[in-house]
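So the protein lines, in turn, are chains A and U.
Using the UniProt record's numbering, you'd call the opening residue of the first sequence number 1 and step up by one each time.
Using the UniProt record's numbering, you'd call the opening residue of the second sequence number 1 and step up by one each time.
In case anyone wonders, no lab produced these hints; they're calculated from the structure.
Just so you know, not all the hints are guaranteed correct.
With a cut-off of at most 20 Å between alpha-carbon atoms, the simulated EDC-like pairs for lysine to aspartate or glutamate come out as follows [unchecked claim]:
hint: 1; chain 1: A; residue 1: 145; chain 2: U; residue 2: 236
hint: 2; chain 1: A; residue 1: 145; chain 2: A; residue 2: 73
hint: 3; chain 1: A; residue 1: 313; chain 2: U; residue 2: 164
hint: 4; chain 1: A; residue 1: 145; chain 2: U; residue 2: 234
hint: 5; chain 1: U; residue 1: 64; chain 2: U; residue 2: 278
These numbers come from a predicted model, not from an experiment.
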Amino acid sequence: MSDMAAQSSAPAELPRAKTDWLPLLLVPALAVLALPFVGSPSTWVTLTVAGLAMGMMIFLMASGLTLVFGLMDIINFGHGVFISLGAYATLLVLGPLAGWATADSIGLNLALLGLCILVAMGVTALAGAVFERVIVRPVYGSHLKQILVTMGGLIVTEQLIHALWGASPIPIPLPQSLRGAFVLGDIVMERYRVVAVAIGLIVFIGMQLLLNRTRIGLLIRAGVENPEMVEALGYRIRRLFVSVFIAGSALAGLGGVMWAFYRQTLTAGMGMEVMVLVFIVIIIGGLGSVGGCFVGSILVALVANYVGFIEPKLALISNILVMALVLIWRPQGLFPVARR
Amino acid sequence: MSTSPALPLAFDETRRSGGLLTGLLSSDLPRSRALSFILLAIVVLLAATPFLFSGSQPVGTAAKICVFIVLVASYDLLLGYSGIVSFAHTMFFGIGGYGIAIALERISPTWSSVAIGLASALALSAVLAIAIGLLSLRVRAIFFSMITLAVASAAAVLASQLSDITGGEDGLSFQLPPALRPAFRLFSEPVFGTMINGRLLAYYLVFVVSLIVFLLLLRIVNSPFGRVLQAIRENEFRAEALGYRVVAYRTAASVISALAATVAGALMALWLRYNGPDTTLSFSIMIDILLMVVIGGMGTMYGAVIGAALFVLAQSYLQVLMGAGSAALAGIPLLPNLIHPDRWLLWLGALFIISVYAFPGGIVGRLRQANPKG
Numbered sequence: 001m002s003d004m005a006a007q008s009s010a011p012a013e014l015p016r017a018k019t020d021w022l023p024l025l026l027v028p029a030l031a032v033l034a035l036p037f038v039g040s041p042s043t044w045v046t047l048t049v050a051g052l053a054m055g056m057m058i059f060l061m062a063s064g065l066t067l068v069f070g071l072m073d074i075i076n077f078g079h080g081v082f083i084s085l086g087a088y089a090t091l092l093v094l095g096p097l098a099g100w101a102t103a104d105s106i107g108l109n110l111a112l113l114g115l116c117i118l119v120a121m122g123v124t125a126l127a128g129a130v131f132e133r134v135i136v137r138p139v140y141g142s143h144l145k146q147i148l149v150t151m152g153g154l155i156v157t158e159q160l161i162h163a164l165w166g167a168s169p170i171p172i173p174l175p176q177s178l179r180g181a182f183v184l185g186d187i188v189m190e191r192y193r194v195v196a197v198a199i200g201l202i203v204f205i206g207m208q209l210l211l212n213r214t215r216i217g218l219l220i221r222a223g224v225e226n227p228e229m230v231e232a233l234g235y236r237i238r239r240l241f242v243s244v245f246i247a248g249s250a251l252a253g254l255g256g257v258m259w260a261f262y263r264q265t266l267t268a269g270m271g272m273e274v275m276v277l278v279f280i281v282i283i284i285g286g287l288g289s290v291g292g293c294f295v296g297s298i299l300v301a302l303v304a305n306y307v308g309f310i311e312p313k314l315a316l317i318s319n320i321l322v323m324a325l326v327l328i329w330r331p332q333g334l335f336p337v338a339r340r
Numbered sequence: 001m002s003t004s005p006a007l008p009l010a011f012d013e014t015r016r017s018g019g020l021l022t023g024l025l026s027s028d029l030p031r032s033r034a035l036s037f038i039l040l041a042i043v044v045l046l047a048a049t050p051f052l053f054s055g056s057q058p059v060g061t062a063a064k065i066c067v068f069i070v071l072v073a074s075y076d077l078l079l080g081y082s083g084i085v086s087f088a089h090t091m092f093f094g095i096g097g098y099g100i101a102i103a104l105e106r107i108s109p110t111w112s113s114v115a116i117g118l119a120s121a122l123a124l125s126a127v128l129a130i131a132i133g134l135l136s137l138r139v140r141a142i143f144f145s146m147i148t149l150a151v152a153s154a155a156a157v158l159a160s161q162l163s164d165i166t167g168g169e170d171g172l173s174f175q176l177p178p179a180l181r182p183a184f185r186l187f188s189e190p191v192f193g194t195m196i197n198g199r200l201l202a203y204y205l206v207f208v209v210s211l212i213v214f215l216l217l218l219r220i221v222n223s224p225f226g227r228v229l230q231a232i233r234e235n236e237f238r239a240e241a242l243g244y245r246v247v248a249y250r251t252a253a254s255v256i257s258a259l260a261a262t263v264a265g266a267l268m269a270l271w272l273r274y275n276g277p278d279t280t281l282s283f284s285i286m287i288d289i290l291l292m293v294v295i296g297g298m299g300t301m302y303g304a305v306i307g308a309a310l311f312v313l314a315q316s317y318l319q320v321l322m323g324a325g326s327a328a329l330a331g332i333p334l335l336p337n338l339i340h341p342d343r344w345l346l347w348l349g350a351l352f353i354i355s356v357y358a359f360p361g362g363i364v365g366r367l368r369q370a371n372p373k374g
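Modelling step: build the complete structure from the supplied sequences, incorporating the hints.
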């Protein structure tokens, strides 16, 4: 009995990866470094919270892409269209339940947001399944074709969104109790941004638990390291691939909902606009690394916020500068994934 | 290395037997009767447009086709011949446009400012292309795509924000040198019923420069340098093992391609007498270029001609056709929306996906297979 207990506990210990602390320290270091330049502590807190919220939203949109790349070696340039699709899916909920958005009840408002997220994730998961089957599956293994074909998928899906919902931008209301800001003394924090931080953290922790504490997570990580071996051990790696692609699309849909309520306008191109940031973030984080994607998102968003406050002209290219600096320091990104 | 001495010999033989035309086309003939006919028709039509059609729209369409042929051909050098996907091609297109626009608007509407603008735009493009290439072409191709996307979007944001220099979102309108203005007359009498005015000269400037740059690109891809690019595309490690410096070749290809795109941008600005973010820098132009290259045929150069002509014609005239179809289907749910004139990109996008799967050689590849003699 004790032997078996030892055996079952041993494999649980083994797969846990060593944590690389250095990149994790970047974020607090950056925040502390920015304080003297910003000047007033209350402005600094406001900027930091806003940056964190922005970072969380970028993370939500980027996490699926980096996971898909890590496991399947597929780069999906059409990922942005799932963001748009998720955003437009909110209309399915906001249409019939418009009353919930204007109701002055936090419960109803949050329920509405939750429902939007559920519906959007459902829609984008379905779209992801179709996209994987029709667009991506024939071009496994060839990056050049993947880039081209997923761009084609992006064009077609964007046009389909136009055909379904019309080409003009659609305004969407932020639920009543999520508008405005919390004010604590001099510190102003927009309510919606606080909600975004909360949702981002929940998703990140959930993903970390799933990847590090469950059997499926173990398989996914093993698949990232060595797919042939996982297949040789008798697991259907294809099924795993497809489910990760679908999950990645659903995460993009979730990010799309958060992004849509943040912008409060829907356009079919909104996903592609934010894809530039998403790509920068997953390059910074190391292609395929979820943790890197998280750190990268927050890093990029915080830098954009601080620089935007200190020197607005420079903010436009701050993302590129951050990317260049990180790549000079670690050419494969903050958390390089072993196989690549 | 064993094959390389044989290649120049083969070139020389075909060139000696082919004469002037073969020389102009760098021995890379269309190799299909149908393709030769279509190409000839496009060139003749483009050359004669101002005399064949009246009104400004056909000439405008023809000029756009000429510019896009250069732009798409230069992109094909990267995508089709070197196997690199860049999303920064519109950035170089935009640099060319802004070079001309800023020089003509700020200095003076003369030929010398055209030269200054073009020269500085070419220099800037070359520097940027070298910087991007050296930084990101050493790592995997996927990085290059993503990094160029980021850099291009930063360039677009810069162009719209630095409004003191670039005119911001409004762009810059400017005067052309006197010889290219509509009021200028080369002869006092019309020739073949058409007045030879500055506008016509501007069109022929665009046409001739586009033709020269296209033939130059054709020459480059058929040179030993072009063969090395194709070797790298086919098998990077083998090319490196043979002693070719992969990064240097790829960087050189991206510089050449960037320079040609800059020239195309300059032509576009000269023709429109205007340059702004939407005409040269926007991401939708990048998507258009991708569609044109792939539908026309990657790695064929002639694909650029066919792709650009087809696409620009579709952009201008397919919408009319679709409008008619959409009106005919009115009443059925969703269907009229799908063939609404604004949805033409949907169908070209679908054609694009099918092209990538089924006809990697695009239209040119199909024609060569179906009708190989020429």
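Do the hints match the structure? See the list:
Distance check on the hinted pair: residue 145 of chain A and residue 236 of chain U sit about 17 Å apart at the alpha-carbon level, within 20 Å; holds. Note on residue 145 of chain A and residue 73 of chain A: the hinted pairing holds, with a Cα-Cα distance of about 13 Å set against a maximum of 20 Å. Restraint check for residue 313 of chain A and residue 164 of chain U: the C-alpha separation of about 13 Å stays at or below 20 Å, so the hint holds. The hinted pair formed by residue 145 of chain A and residue 234 of chain U meets the criterion: a straight-line CA distance of about 14 Å does not exceed 20 Å.
Restraint check for residue 64 of chain U and residue 278 of chain U: the C-alpha separation of about 14 Å stays at or below 20 Å, so the hint holds.
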